[in-house]
Every structure is written in structure tokens, then in C-alpha cells.
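Same order as they appear, the protein sequences are chains A and B. Residue numbers for the first sequence, in the numbering used here: 29 to 340. Residue numbers for the second sequence, in the numbering used here: -16 to 514.
Be a bit skeptical, because a hint or two may be false.
Looking from chain A toward chain B, a few residues come up when the C-beta cut is under 10 Å (computed) [stated by the list, open to error]:
| id | residue |
| --- | --- |
| 1 | V76 |
| 2 | R152 |
| 3 | R154 |
| 4 | D157 |
| 5 | P171 |
| 6 | F173 |
| 7 | L175 |
| 8 | V282 |
| 9 | V286 |
| 10 | V287 |
| 11 | A289 |
It should be emphasised that the hints constitute simulated quantities derived from the structure, not laboratory data. Heads up, the beta-carbon is just placed ideally off N, CA and C, and yes, glycines get one too.
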Amino acid sequence: MLKYVAQRLILSIPVFLGVATIVFLVVRVIPGDPAVASLGDYASKEAVDALRQRMGLNESLPVQYVRFLGSLVQGDLGKSMITGSSIRDEIMHALPYTLELTVLAIIIGTLLGIPVGVYTAIRRNRMADYIGRILSLTGLSVPAFYLGILLILLLAIQFRWLPAVGGGGMDDLKENVSHLILPALTLGLVMTASVARLSRSAMLNVLRQDYVRTARAKGLKERVVHLRHALRSALIPIVSVTGIWAVSLIGDSVTVEVVFARPGLGKMMVGAIMQRDYTALQSIMVVYTGFVVVINLMIDLIYGWVDPRIRH
Amino acid sequence: MRNVLALGMALAVVCMVVAPDFGHAAGILRIAQNASDVGSLDPHFATTTQDRSLVDMVFNGLVRYKPGDGSVFEPDLATSLPTPRVVDGKQVWTFSLRKGVMCHPTTGVPSYPLTSEDVVYSLQKSADKNRSAYAADYTGMTVEAPDAQTVKITLDKPLSPILFFAKVANYSGGFIVCKKAAEKLGPDGMKTRPVGTGPFMFKSYSPQERVQLVANPAYFRGKPQLDGVDFRYMPDISSRELALRNGQLDVINGVPDKAWVDKMKGVSGVKVDVFGVGEVAILHLQTTAPPLDKLEVRKAIAHALDRDEFVALFGPGIGENVYSPVPVKFLAGGLTREELAAKGLDYKMDRERAKKLLADAGFPNGFSLEMVTSEMTGYRVLYESMQAQLAKVGIKANVKVVDHSSFHSMIRKDANPLVIYIAWRPNADIYFTQFLHSDSIVVTGKKPNTNFSHYNKIDGLIEQARNETDQAKQVALWKEAQIKALEDMVVYPISYQNQVYARSNAVDYGHELISVLALYPGITEKTRLTK
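One chain only, chain A, in its complex shape (with noise of 0.2 Å):
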């Protein structure tokens, strides 16, 4: 097993760094100046030299590359071209409203996804299975920041039981909470209605299987049948699409922060594209490379726990 975990944290060096070279080169493709971004339409001419001189900007691809490089293998993210902010300081800052929204989303899309997917697999083609289904479809179909909106508008105007926006200080527990509440809520909602509909498939996979057949001759409960034979062969697939999700809601949470003005990751990612501040784009992107990096690796050593032959 070590010798398997060990190949496959070489193996994923050359994809982290290929990524990061993409991600440089990106970032100065997105057009835009740093520096007229920065000073904006008033400065002079020489005004926006000088800064631009200062950025590093003037210096050659290669020579950025090079120093990018160097200074990530170092693990040092730089500073940031336009508050002059020490970019790791920064992420610490946002990774932890990032990572409390995600895994929260998680644990509300799975609680929720995989009860509804089990009982519509089991109510097949009853009105239960029909509401289901349609309100699945409706969730995948609903872009995240159009149903946060929505969120906002019942239970934050309309009741005004959360706050609408911001991230809460991360010393206050309450107020943490009840500024994650709505996010995690939009989030896991849209998750809920994946994990709805490939649960359900799965479970109806299942249950035409002849050992769900012989466990209903044997005379056990439907109930039984259903949790302990059906939903656990189930849960498999169930189980292994989890890191794929996991690396689809870093994508929503790019929006859903924006909308609720959470000082997280995502937020900050849009921030740097908006200022062109190419320092911090690239750390952040390399920061997400690295999730994806990992929760695949993860994924890797997890299917290779379950199944041997995997590993070799």
C-alpha cells in the first residue's frame, strides 16, 4: 500500500506543476494591464510606466516564469501586485470560509440527496418517485446564484431569520454560523439534486439484482432489504463520484461567495481577475489545482483500499 500511496503522489508532481504552468500562462493571456487597472483612467502615462516597472511586469516571460516557479517551489505565493498583501497570509484568510462552506454543502447534499434518491428508487413510478424527480431536475437546472438569491429573499428578507451577506468573523461561532447557514444551504441544495438522481439510479440498479430477490424469499422486511442489502452495494458508486462533486462545488462556490460577499476563496479569485492582479490569480488557481490534486489522489488511494486489484 505505502509503495502504491508513494507512486501516486509522484505521479501527481508533473500534473501539479503542468497545471501551474497553464495557469501562468493564462493569466497573461486574460487581456488587461495590472497597472490600469490599478491607477485607473486618471494616471499619466508615466504614472502607469512606473508602476508597471515596479509590478515586475516589464520583465520577460521566461524571466517571470522562472521566479513563479522558483518562488512556489519554495512555497512562497508572493505578494500581491496591488495591496502588496502577502498572498499566503491572504488565502489562510479566505481557505477557511471556503472550506466550512464546502464541506458543510457536502454533508447537506449527501444527508438529504441519498434519502430522496432511496426513497423515489423505492416508490418507482409513484407520485412520490414523480414529485422527486421533478424537483431534482428543477435543482440541476437552477444555476447556484439565482437559488441563493432566491434563499435570501425568503428566509433572510422575508423572515429575517440570517443575515443575507458576508462571511462572519471566524472568532464569533454564531456568527459564523448563521452567515454560513444560507451558502452551505444553496450549495448543498444544488448538490442534493445530483446526489438525488444518481442515487436512485443506483438504488434501482440494485434492487433488480438477484440477491435483493433472494433476501425478499428469505422473508426479511422490505425495510431491511432495502438499508442493509440494497443501499449499501448502492452506496459504492454513490461514494466514488463524491470527489467529483467535491471538485464541481469549488466551482459553485466561486458564485455563491460573490453573491453572498463571503471572503473566501472564490471571491478572492474574482477579485485578482477583476484587478488583473496576476500574483494572486495564479496562487489562487494553483491553491485550487492543488484541492483537485489531492482529492483525486485521495480518490486513487481510496479506490485502491477498497478494491486491491487497483493497485497493481
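Use these hints to put chain B onto chain A, whose structure you have.
Showing chain B alone in chain A's frame:
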């Protein structure tokens, strides 16, 4: 299903537990701007609305624009508005500083009394292109400190009060920084840690989220009525609007659109303010490349356009007509419609005349033009409207949409024969210098800036007006320069667009809103929350 019900009930319970007042401390004004983060809180690099409005609360100038009315100067750090003297052929302005003005404390630098040494340091910093975005405005200026309470400013060339006070007012390079704090923090530190003498002091900065300010108890005009300001960065208008409705915010930057204004006016507990200064949209016509090098063609374009159609894009009251490049409603030196109509320079929409002018110029079937526009709505809609209007006289404008930053770069490389540019400048001289003086011609000028029309025929008038100390004569020269530019049809003033903000009924700014240069309502020591 039980899980679903249980989760729903749990949510309701959690909501009830955490519902209270969302962490709002009484006396803190919560304001949100249309921005994702700080740009720079070093006042000499604060060029965007979100940064200007924040540094406006932290710093002072030697003089200030009257809160809520940018047309009036008042003493700020200075005890009075001085009258210039001429010494050895040079104009000298001497300011006496108020006593007891304290610099805010910051890490490693306790609060200390502001002296002329700070003012000299600050104005010299404003003139340094490596330490200021406004350096070009401070050339030819020598600043000295004869004693701790006196500042002497000597100008190589004389200026009228209206032009000189603008350089030392609470706007752009005129903000006075505290020397010890600036040296301690360094250039990067100042970007996120402003230290000045204003009514509010920096408390904390949370990236992508907020800057928190607290009241300055030692403020020289008295302790502010607010306990502090929570300044939020929220680029999404839906978020700002919903947070205002929800009671999480007190003031938000709104949308310059009548439909939005009308909608928000209908919201209980919310007031909407529409006020100046209005950012002026001007069409610049490139005069050196065909076919726009012909005067008839440029005049045809002017007559093909209808100002009312442009104003209708934003709605009356939000957008307003403007007839001279310098907006007469806000600045000395502008021309009224009547003044221009009397000279036949108001360029009323007359498309038959436009077609005839095109035919006279040798383009009876019109022509095509290639240009770019910014993706920003304010720009894009103006370009699209112009495109539709020009099509009616046979001019086909092919407009490509690019991002805002690229748009600014491309138009400075002469990408557009027709440039619509939206800007506010604090006085007529800056409009003239940046848009109509030959030094500022894009690409080829001595100091390339935003003279998109390549116009070079009023340099003498601009320079004469700049150094005219008699204000009446100066205004007359500015008017003459604009009349000449309009006769040559190098600029077609389209409209100006007012600022739109919404606020809770509980917010009292403490002043009437007429015009604010920093493009926000202006938060001062008199601003208060009534609930």
C-alpha cells in the same frame, strides 16, 4: 423523508438561535461599495471610487471641498484660505496650520501633532511619480516649512485660486499623510493601512471583505457622531441591495438606472439619493485619419446623434444633457445650452443635414468604422446607442466588446476613430490638459494621455487660461477654448451621469447632497444614525 424533515427543523432551530442582529454594533455605519477589494489606501494612489471614498474619511487636505458641495472650498488643516503674493516674480501661497491636529496612532508610531514637516513630506510625495499617481499635477511646485505651523508653496507659474486650491484640497494628491507613519509603514504598508488626521481611524482590513474604521476622539472638528464605519466590498448589486433591505447595510452604491431608482424608492425604510458630480460622457473624434479628418464628416456625426436618446438609456434625472466638455452645472468654465445655441454650436440632432454633410464630403453612401467598447454597461450602452444612431445616416460602426482594462489600453493606442470616454475631472484645466492639449495626444504626444482627437489648436488658450489669476478672465478663456473645439467638432459632449446611492432612513449624512467629488455621499464627523 424523516431526514429531510429533521434537517428542516434543525435549520429552523439554528436560524432562531443565530438570528439576532447579525453582529451589528450600534453607532457603526455599514456602507458597501461596488468593488471586490481595496485597490490602494495610500491616498496618493487611491484612484478608484471605492478607495477615494474610504481615504476621504481618514485624511484631510490643507483645504477641503465643502461636504456635499464640491463647488465651494473651505479651510481644512489650514486656518484660512490664503491670498497669493508675488515674490521674485513667483506666486507664493502661505498657509497657517491649525493647532492641535493629531495624526492617528498606528503600530510603532503613537499619535502626534501634525506639523508643516508632514505637509511638506506629503506634497513632495504627491509630486514623485514613484510614490503618487498624481505626480503630473504637482510639477513646478516648491513646498517649504518656514516654521512648524506654516507651509509656504511657491509656484513656477501662477495659478488662479480655483486651480491652486484643487491641488491642496482633500482629493487625490492633496490629501496630507503623516510623515512618521508613512515612513514606518513603507509603500506597501500604506496600501492597506491608512494613517491620517481625519474623523475616522483605521481599525482593521479583512481582504476581499471589509475595512473597519473607528471614530477619532481627537478629531479637530470634534468627536464624530458615529462610533465607526464598516466599509464593505461587494461587487454584486443584488447582494448589496438585498443586504440593505435585510438591514445588514445602511448605505449602498446603487445602479445609475431610473428603473432601479424607482424600485428602491418603493422599498419601506429606504431612501435613494441621486446627486452630482456627474461623470461626463464625451465623444472624441479622431481628426487626423480619413474620413474623420474632414470637418464636414465630424459635423455630420454630431448632427446624426441625439442627446435625448443617450439620456434615455439611464432615465431622466440620472443622466442629463451636457453641451460643453466642461460640465457647466458643476464646474466654472462650462457653457450652457443657450450660450452655445446662440453660436450654433449646440449641434441639435438633424439627420437630413448630417446626410447632406456626408454627401458634400464625398460620402453620399456613408462609410464603415471599426472600434472597441468596454464591456462595462455604462460604456457599452452608449456605444451601442451611437452605433444605432449613426446607422440611420449610413455610417456603419462595427463595435467590438473588450474588457474594461483592455479598452483603456487600446484607445490609448489609437484603436478607435470615435472614442466615447466617461470621466470626471475636478476642474476645467484638467479636462483641457488631458483631453485637448497637444501634449496629451495619444501615442504621439509629449506626455501621451487622453487627447484621442489629436487636436492641437487650442494649446495657447489652455496655457493662457491655466496661468490667468483673474478668475473671470480665466473662465472667459476656457469658454473661448471650448467654442473653438466645438467649431472644429473634435469633441461632442453626450451626457453626464449622476451618482446613485441608497440608504436606510436612519442615516443622516449631516449635509445636503449637491455634488461630491469622491463620488460617494461623504461621511463626516456630522454623519449619524438616528435609530
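Inset, instruction - Could you work out which earlier hints the structure fails to respect and list their numbers in ascending sequence? - result: Violated: hints 2, 3, 4, 5, 7, 8.
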